[in-house]
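> Let's have the full structure, built from the sequences with the hints guiding it.
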Amino acid sequence: MEQYGAPIYVRKQIVHNTHVVRTLEQRGAIFVEETEQVPEGAIVVFSAHGVSPAVHQEAARRSLKTIDATCPLVTKVHNEAKRFASQDYDILLIGHEGHEEVEGTAGEAPDHVQLVDGLHSVDTVRVKDPERLVWLSQTTLSVDETTETVSRLKERFPSLIDPPSDDICYATQNRQVAVKEIAAQAQLVIVVGSENSSNSKRLVEVALDHGADASYLVDDASLIDDAWFDGVTTVGVTSGASVPEELVAEVLARLARNGFADVEEVESVHESVRFALPHELRKDLRATV
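Mind the numbering: the sequence shown is residues 18 to 306 in the working numbering, read in order.
FYI, nobody ran anything at the bench for these hints, they're computed from the structure. A quick note: this is a predicted structure, and the numbers were derived from the prediction, not measured. A couple of the hints might just be wrong.
So the derived label-pair ranges between C-beta atoms look like this [what the hints assert, rightly or not]:
#1 R39 / Q104: 36 to 46 Å
#2 E165 / I47: 37 to 47 Å
#3 E288 / D243: 30 to 40 Å
Cβ coordinates follow ideal geometry from the N, Cα and C atoms, glycine included.
Below is the structure:
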């Protein structure tokens, strides 16, 4: 918006976080569900979850200027899908039906991709050749649940091969590892994140599975209920991968007012990964220098 001026159109939510979307709307971003809702010739940003080739084609047909903000880790899964499909593999995509990331990945090779939405879907999988079979995954899944699903798939299809490298986002994995550690020490775990954030919802599940008596997902500090703290002496706090730091700080301030002012930070893994801006934006920024 600083480079081009408002309005900037965004297909779907740029990330699954209510606060981020609302803040950008206030600055002039317009979020739409489909590319056809964008005026011809306008600028449209594709969200972090990625889009299928059909969406790129529709944008080109409508002469839209596109900025592809797909997370590089999602792009990696798209490239794997295209490569394995070109080698005539059946692809078992582990993920949640209807999630934008799943739709984008499946769209790269629709004739080769079959969705496996959790353990209950394993028995319904049908493939052309069990000797040419690979699994890929949505980047924001539960690590433990995905591992269990893959194990069950390999019981049915012993020749099933793994992706060249882990598909689940490092930030998603690291938060789940940290939550396992704090859940064992905390009676209550508060996860800051939005209801439509897959990785945030998984953190609640992980906390409950690893020792927390209760765990709640909140968009911000205003949604915390004082009744949650009855009989509680230790509270864990974490956030989804797309949550602004200020929202976590506000939750910590609210906890301090409730008597939880002593804060211990748990860092299971040091994160040093940095991503560049989308190349279309970098090119235009260079042109204006």
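> Evaluate each hint against the coordinates.
Outcome of the hint check:
Separation of R39 from Q104 is about 44 Å and conforms to the stated range, judged on CB atoms against 36 to 46 Å. At roughly 41 Å, the beta carbons of E165 and I47 sit within the given window of 37 to 47 Å. Range check, E288 to D243: about 33 Å between beta-carbon atoms, so the 30 to 40 Å window is met.
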